[in-house]
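Q: Sequence positions in the sequence shown follow UniProt numbering and run 1 to 536.
Simulated from the structure, these hints should not be mistaken for laboratory data.
Cβ atoms here follow ideal geometry from the backbone N, Cα and C, with glycine treated the same way.
Some clues are possibly wrong.
With a straight-line cut-off of 20 Å between C-alpha atoms, the simulated EDC-like cross-links for lysine to aspartate or glutamate are [said to hold, decoys possible]:
(1) 365 <-> 531
(2) 207 <-> 177
(3) 519 <-> 531
(4) 450 <-> 258
(5) 431 <-> 234
(6) 508 <-> 348
(7) 356 <-> 441
(8) 431 <-> 517
(9) 450 <-> 311
(10) 267 <-> 311
(11) 365 <-> 453
(12) 214 <-> 234
(13) 267 <-> 425
(14) 267 <-> 46
(15) 450 <-> 364
(16) 197 <-> 177
(17) 356 <-> 453
(18) 151 <-> 287
(19) 508 <-> 287
(20) 508 <-> 258
(21) 37 <-> 99
(22) 450 <-> 433
(23) 519 <-> 348
(24) 214 <-> 200
(25) 510 <-> 262
(26) 37 <-> 81
(27) 267 <-> 234
(28) 431 <-> 504
(29) 40 <-> 258
(30) 431 <-> 505
(31) 510 <-> 287
(32) 508 <-> 262
(33) 519 <-> 505
(34) 40 <-> 99
(35) 37 <-> 354
Taking CB as the label site, the calculated pair distances span [claimed, not checked]:
(36) 102 <-> 518: 15 to 25 Å
(37) 518 <-> 311: 23 to 33 Å
(38) 237 <-> 305: 48 to 58 Å
(39) 528 <-> 47: 35 to 45 Å
(40) 228 <-> 443: 49 to 59 Å
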Amino acid sequence: MEADPDYSHNQINPTGTTEPKTTRNKLIYLSFSNRVKLHKLPHLTDNYATTTTSSDDDLSSSSSGGFQRSSSSSHTNPLEDNPFYHLSHSHGFYITPSDVVLRHIVYDYQHQPSSASATSLDDDDDDDDAVAAYHRAGPRRQIFFQVSSTKAAIVTCGGLCPGLNTVVRELVLGLWDLYSVRQIFGIKAGYRGFYSKELEPLQLNPKLVHNWHKIGGTILQTSRGGFHLQNIVDAIQHRGYNQLYIVGGDGTMHGAVEIFHEIRRRKLNIAVTGIPKTVDNDVGIIDRSFGFQTAVEMAQQAISAAHVEAESAVNGIGLVKLMGRSTGHIALHATLSSRDVDCCIIPEIPFYLEGKGGLFEFLEKRLRENGHAVLVVAEGAGQDYMRRRMGMDRINEDDAQNQKQDISIRAAGGRDESGNPVFLDVGQWLKSELNKWWRREHPNELFTVKYIDPTYMIRAVPANATDNLYCTLVAHSAIHGVMAGYTGFVSGPVNGNYAYIPLEEVAKAKNEVDTRDHKWAWVRSVTNQPDFQTKS
């Protein structure tokens, strides 16, 4: 039978480019790429001489993804005997090596890969035309660890974040109930808890952690700094841990990468996984980090309070400083959600105070129109601008009191114990500058700035329902990957599907606000604020 021309995958238009063909059923067949770049995921069998040498970076290279195991390192998944699962009737329950999650799901179907880039796809090639993919998270039919000899350690590091206790709780319950692991230990006070003689590990079980998800903070306690690589790995080896679940932010993930490499250098069968914790939502690749939605919800309450204060005063300004050291996601989403904000300032957009198009001009117009205004600023905004102005102007006594410590630290290039730069307090600085501006321009008129910094209130609350569900899914995803023998990875949602991402990629990636996309345009349309892009 002759092929139906309407079902051709593509056709050549008069200009010579390939276009998708619409079928008689109004379907469009796309051929945007014939190669999938599967990001390599380390496995504990990589240390074995019996490990296959086939590549798992390209789906076309091996039908099994290059992850064949020696029989000595393969065990039947205990979920086979779990009464809560009916696996014999659950087609697709177990994840296979060929199950992947695409990094990007939005493509321009008229873009065609060049012939040169399609000819090779090596590990070191940065092929823009390849479709990047990660291994899908979930249970595997065969696992690496013998359950009876599994000994897991869980540690929380860095600052507080809603959901920390939920993640720990769900790690314990997942290991205990899904895989019958009985040796689960919580490491106290961050990385230093591994080797400190004063901090004994806490043995965890479902009864102990039963209500932890209802409590803010971290019951395991946390701290910044204390990262001494050799001491940490020596202690891990000495105590016999063979699974590490490391929960923390940017600095913690960089530490986890170093631990992973040191363990591999020593050829130890210890799996390392990171669970990113950043309330700022600045972790790259994954859709979002746990605690972010709770933070936005709490930030709205602070904005509402600032709005009430401003509206209740003559020429009142409500000023709210929100978390966001390098990115303004909390400020952006809280602004869009509350609709009470007149101006949102984030680290990704430089701003200025005086002159045409500046903040002072905008706020004066708003006060004349409405009698009040609400200003939201992310903590990392305007750092360079503040230092320049402080270098040009004499700091008055109030400014010196508020900024003395931070200025001295900044001048010395200081960082905190986690390696993060210590920022100037943009909230206190803006409050001072606003008051000086009004006294200078309108000396006989009433004016009030009500400043709210809800940082520690937001960090300390329990996770909301959405974040609690997220914590459960990300914890169980991590467990499934570790039990299968994967190591050096992070579990997280990519386009709504949970995936395993190499730890080093996550440690390097950033998730900044794209000020060129429609979401930031939406913010400006809601607030009518100036763009601050050019100063006249």
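Q: Could you run down the list of hints and mark each one as holding or not?
A: Outcome of the hint check:
no.: 1; hint: 365 <-> 531; verdict: 15 Å, holds
no.: 2; hint: 207 <-> 177; verdict: 12 Å, holds
no.: 3; hint: 519 <-> 531; verdict: 14 Å, holds
no.: 4; hint: 450 <-> 258; verdict: 45 Å, violated
no.: 5; hint: 431 <-> 234; verdict: 49 Å, violated
no.: 6; hint: 508 <-> 348; verdict: 18 Å, holds
no.: 7; hint: 356 <-> 441; verdict: 15 Å, holds
no.: 8; hint: 431 <-> 517; verdict: 30 Å, violated
no.: 9; hint: 450 <-> 311; verdict: 11 Å, holds
no.: 10; hint: 267 <-> 311; verdict: 64 Å, violated
no.: 11; hint: 365 <-> 453; verdict: 25 Å, violated
no.: 12; hint: 214 <-> 234; verdict: 35 Å, violated
no.: 13; hint: 267 <-> 425; verdict: 46 Å, violated
no.: 14; hint: 267 <-> 46; verdict: 9 Å, holds
no.: 15; hint: 450 <-> 364; verdict: 16 Å, holds
no.: 16; hint: 197 <-> 177; verdict: 31 Å, violated
no.: 17; hint: 356 <-> 453; verdict: 29 Å, violated
no.: 18; hint: 151 <-> 287; verdict: 31 Å, violated
no.: 19; hint: 508 <-> 287; verdict: 16 Å, holds
no.: 20; hint: 508 <-> 258; verdict: 13 Å, holds
no.: 21; hint: 37 <-> 99; verdict: 13 Å, holds
no.: 22; hint: 450 <-> 433; verdict: 13 Å, holds
no.: 23; hint: 519 <-> 348; verdict: 13 Å, holds
no.: 24; hint: 214 <-> 200; verdict: 25 Å, violated
no.: 25; hint: 510 <-> 262; verdict: 25 Å, violated
no.: 26; hint: 37 <-> 81; verdict: 35 Å, violated
no.: 27; hint: 267 <-> 234; verdict: 13 Å, holds
no.: 28; hint: 431 <-> 504; verdict: 40 Å, violated
no.: 29; hint: 40 <-> 258; verdict: 18 Å, holds
no.: 30; hint: 431 <-> 505; verdict: 39 Å, violated
no.: 31; hint: 510 <-> 287; verdict: 12 Å, holds
no.: 32; hint: 508 <-> 262; verdict: 18 Å, holds
no.: 33; hint: 519 <-> 505; verdict: 26 Å, violated
no.: 34; hint: 40 <-> 99; verdict: 14 Å, holds
no.: 35; hint: 37 <-> 354; verdict: 50 Å, violated
no.: 36; hint: 102 <-> 518: 15 to 25 Å; verdict: 22 Å, holds
no.: 37; hint: 518 <-> 311: 23 to 33 Å; verdict: 30 Å, holds
no.: 38; hint: 237 <-> 305: 48 to 58 Å; verdict: 51 Å, holds
no.: 39; hint: 528 <-> 47: 35 to 45 Å; verdict: 60 Å, violated
no.: 40; hint: 228 <-> 443: 49 to 59 Å; verdict: 57 Å, holds
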